[in-house]
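Asker: One-letter residues, chain by chain:
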Amino acid sequence: MPPLAGYSMTSEQTPVLWPLIAGDDPPPTGAPMGFNTLSGGSFYCDPLGWVNDDTIQVTNPNVFVFGKPGRGKSALVKALMLRMIRFGYRSLVLGDVKDEYEDISRALGVTPYQIGPGMPGRINPLDHGPLAQDWQTLDRAETARRGAVLFNRWHALIRGLVGSQAVPFTPTESRVVNRVLRDLTGWTTGQTVLSEITIPTVWAALNTPTENLVSECRYDSRRDFLDSTRGLRDALGSLCEGELEGLFDTKSTFEPNWRAPIQTLSLSALHASGNEAAVGIALMCLNSWGQGMREMATPGDQRIVLRDEAWMQTRLGVEAVKTLDSNLRLSRNDGDIQVVTYHKPSDPLSAGDQGSQAAQIAKDLLHLADIRILMGQDHEVAAELGHLLGLTPMHRDIVTGWAMQDKGRALWMVGDRRYKVQTILTPLERRLTYTNDAIATPAADPP
Amino acid sequence: MSTVYGASAARDRQGWFFGLTGPQLFLVVGSAIPAWLAMAVGEWKALFGLLPLWGVSSALICIPVRGWSAAQWIGVLVRHLVARALGWSRWQSRAAVGDVDDPREADLPGVLAGVRIHDGPPFSGQLTRPALIQDRSARTWAATARITHPGVGMSDTLDRRLMGSGLAELVEAASAAGQISLIALQVRTVPDDGTRRAAWVRQHARVTEPELSAEIHHQLDAAISGAAVRTEAFVTVVVREDTIARDARRAGRGVTGRARILHGLLAEVEARLVGVIGCTEVAWLGAADLATVIRTGFEPGDAAALADASLQRDRDGVATGVATGVPVAAAGPTTASTSLRSYRHGEWLSVSTSILLPRNGAVLGALARALVPSEMGERRAITVFYRPVGQRSADRSTGRAEMSAAMAAEMRHKVGRVERARDRRASDQVRETDEKLAAGRSLVRVSSVLSVTVPASWGSQDYGRRLDATVRLCGFSPLPLDGAHDAAFAAATIPLGIGVPRQRRDR
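Residue numbers (this note's numbering), protein chains in the order written: chain A, 614 to 1060; chain B, 66 to 572.
For reference, chain A alone in the conformation it holds in the complex:
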């Protein structure tokens, strides 16, 4: 027998030789992201797989990525998108504010769709999307179901758009908008085909109300109606003028190819104009439109939906936050992986004053994602991190210390588990993520 060094000790001293040091990594499914530096194991990211795995405490596939600019936030998201293509995932970038996703889009042979002042592209946020397909053949129950989904989405968007301009959206306004939406689409009259509506048509219907609308909404007179909906009408009207004119006020010209591995909607031209509020409103419209487009996704049509720079949207106020909130809540039903990027955890809180309802909803929004990736942050935000996300001092040190030492390092919070992960980028991805040189087919030589 070997002379094993044996010791006598009291029971509370036994952890001196604690052998369970390295933890278990998530199962090797999904996209390989790099290494778990604590266990030495490969780290794989599979949000939908984690939701389906009972051993992992993840109930939704929403992913929030926080990181100081330059810490590799977009490189990580791009790597996830590129690596998931092999497993049938397609990506939808709803609002590429800085054209960061243009390079990978072009590398995959897809031309990004650009929206901005003076550009031909149009998006109708009140697009029916696939829900209105074959409307005339649907039975009563199905039209009722689809109608409810459609009107709820539109209602949430209009509430967000109006609310973002500090105009109150009370149950009275809510009733008026609902009535108008149902009248314009032909729902009220039981039309066999739903008519297409846009924000200007809604605005026009409010501006020139029918007698029926006035009486249905229980106003004494047309004058009374016009007086009390002035704020609502002006808020909607401003979306058809100024910075956003010609962007979201006509039929959609963009018909996405859902079979392409990626679809990118670029807002860089609008962002270049310097109007952050306009970008926020545009993001809100795009998010609603994107949600509509995904409402009838077939099983197996899995998609990564990126909401980049979401702080621009949430900064618009409580209604904008609510819109994002409803988008995220639906993700599990849609089979989509919703990826939201922020600079720092306090970004969503800029939705309102400290302690306000907006700030509270935005704070709750952080808990709508069971997967949170925290890349490097400055010491200044350390306390904020700890407070908002319930980080222990050790986790805080990882984010402000270890993760700041190299790009791609992040604390992954997967359900109740924490991982210290170093993302690995291949040479090809480095070219696609750290430079703007797309590797698309080189330009043909001039004749």
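These are calculated hints, taken from the structure and not from any lab test.
Even for Gly, the Cβ is constructed at its ideal location relative to N, Cα and C.
Keep in mind that the hints are not guaranteed to be accurate.
[Stated by the list, open to error] Now the in silico label distances, taken between C-beta atoms and shown as ranges: (1) A:A910 <-> B:S522: 48 to 58 Å; (2) B:R434 <-> A:E997: 28 to 38 Å; (3) B:P186 <-> A:D752: 53 to 63 Å; (4) A:E997 <-> B:S439: 38 to 48 Å; (5) B:R159 <-> A:T668: 36 to 46 Å; (6) A:Q1018 <-> B:R76: 40 to 50 Å.
[Said to hold, decoys possible] To spell it out: a stretch of chain B is covered by chain A in this simulated footprint if at least three of its residues, at any positions, have a beta carbon under 8 Å from a beta carbon of chain A; those stretches are: (7) 234 to 245; (8) 418 to 428.
[As the list claims (entries may be wrong)] Some but not every residue of chain A turned toward chain B, in silico, with C-beta under 10 Å: (9) L617; (10) A618; (11) T623; (12) L630; (13) L633; (14) P645; (15) S652; (16) Y657; (17) A692; (18) G701; (19) A720; (20) P1006; (21) H1008; (22) P1040; (23) L1045.
Model the placement of chain B on the given structure of chain A, informed by the hints.
Answerer: Here is chain B on its own, set in the frame of chain A:
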């Protein structure tokens, strides 16, 4: 502030006479006989020659070198030479010569030779049938579970403290119940063979994948595969036959009776493991799973093929006839041979070391670096044995220790020797232990063994040195188990709860 553990731990093999054990004292006194004879007959010249010789022989007997005294080393060397000359250090499996009578009978080398693995009855409320490990030579019964634990790397001080207290509670409960004689926690850090990943990719990859994606995955595979490691952890609960024999007779005799007694204990251990200790899963291994674990212990290279076959079975169902494991009879290595400084099993070499605790104790998780392989393809394994000491026995030994401490202090006082800080600390520790025992803690004997396994062509000594170096970096001292690498390997890498010497006073 991290809690420091183990500062009051005392070495188990402490000599009772100025640090000398009984045999050592006997030999020292015996080797002085020629000098006494010379004195008796008045041969003073011879006495002057014999006295230095006595001093040299006493030094050889008393001064430990790498764990053993020189005299013991000579014994080990002689034993090895004899074993090698007579062929005892070589072993060949019965399967290798086509002499397997019963495929369910274990055929393992060295200290594991007395092991039999029985199919146990179903565990209450579950579909699993934990295998019963019978060690006929030590007269013990055991069961092993594969455990999943989140590790301590991301746990803060409070969580670590809680986990530590969970372990303490586990051994206290075992000590109070008096039936568990040993709990062994084993962790193996093995190269990730990528089998599960490859199977998942085969099922989920789309053939319509764009060229860009294929190229990225090709580059990723080259960068990541082979470099990653994974850990597997096991817990083994051992009970002595003489402790459970009477109850087992009432519970149904034979293997079933023992299993029924053992199942109650396993459920208790499982509850504590998933409780404060923080394990997320505890799966008691059946005979087939245990055979696979033993096989991959001896032959790490077989892990990929076995995992692949198992995945195939899970996917296609058992009806396909895919052989998914190894029979118990073929779980061991094909051949094994022991040399003084390493142990060869199949095409692999292992070197093992025991761990000496730092005098001032260590924090929980301090051993982290010792478990990280220094090179791709290397495997490291550690087993920590916790042997709960019965309360009566603990009381007795603490009483004895207090008595000796008091006597030593008195003697120092009588001869006028100043009491040093070290002496005071030792007697304080004894008193503290007594206080803790009175407050409900229990006494535990803890030992550990760490082993590194590399392909036979790599040159095991270099990896042995690296292992020792990392143990030192962790703040502990390595004690290479030269002369006993076969038993040490079995203790460190094969989760059967065997390989640690049993002492009479444990009872």
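Asker: Each hint: holds or not?
Answerer: Structure-based check of each hint:
1. A:A910 <-> B:S522: 48 to 58 Å: 54 Å, holds
2. B:R434 <-> A:E997: 28 to 38 Å: 33 Å, holds
3. B:P186 <-> A:D752: 53 to 63 Å: 56 Å, holds
4. A:E997 <-> B:S439: 38 to 48 Å: Holds - the Cβ-Cβ distance for E997 (chain A) and S439 (chain B), about 40 Å, lies within 38 to 48 Å.
5. B:R159 <-> A:T668: 36 to 46 Å: 40 Å, holds
6. A:Q1018 <-> B:R76: 40 to 50 Å: 42 Å, holds
7. 234 to 245: Result for this restraint: holds, n = 4.
8. 418 to 428: The restraint on the segment 418 to 428 of chain B holds, since 6 of its residues have a Cβ under 8 Å from chain A and three suffice.
9. L617: 4 Å, holds
10. A618: 4 Å, holds
11. T623: 4 Å, holds
12. L630: 5 Å, holds
13. L633: Interface hint status for L633 (chain A): holds (4 Å vs cutoff 10 Å).
14. P645: Since chain B brings a Cβ to about 6 Å from P645 (chain A), closer than 10 Å, the hint holds.
15. S652: 6 Å, holds
16. Y657: Hint holds; Y657 (chain A) Cβ to chain B Cβ min 8 Å, cut 10 Å.
17. A692: 8 Å, holds
18. G701: Result: holds, 5 Å to nearest chain B Cβ.
19. A720: 6 Å, holds
20. P1006: 7 Å, holds
21. H1008: 7 Å, holds
22. P1040: 6 Å, holds
23. L1045: 9 Å, holds
The structure fails none of the hints (numbered hints given earlier).
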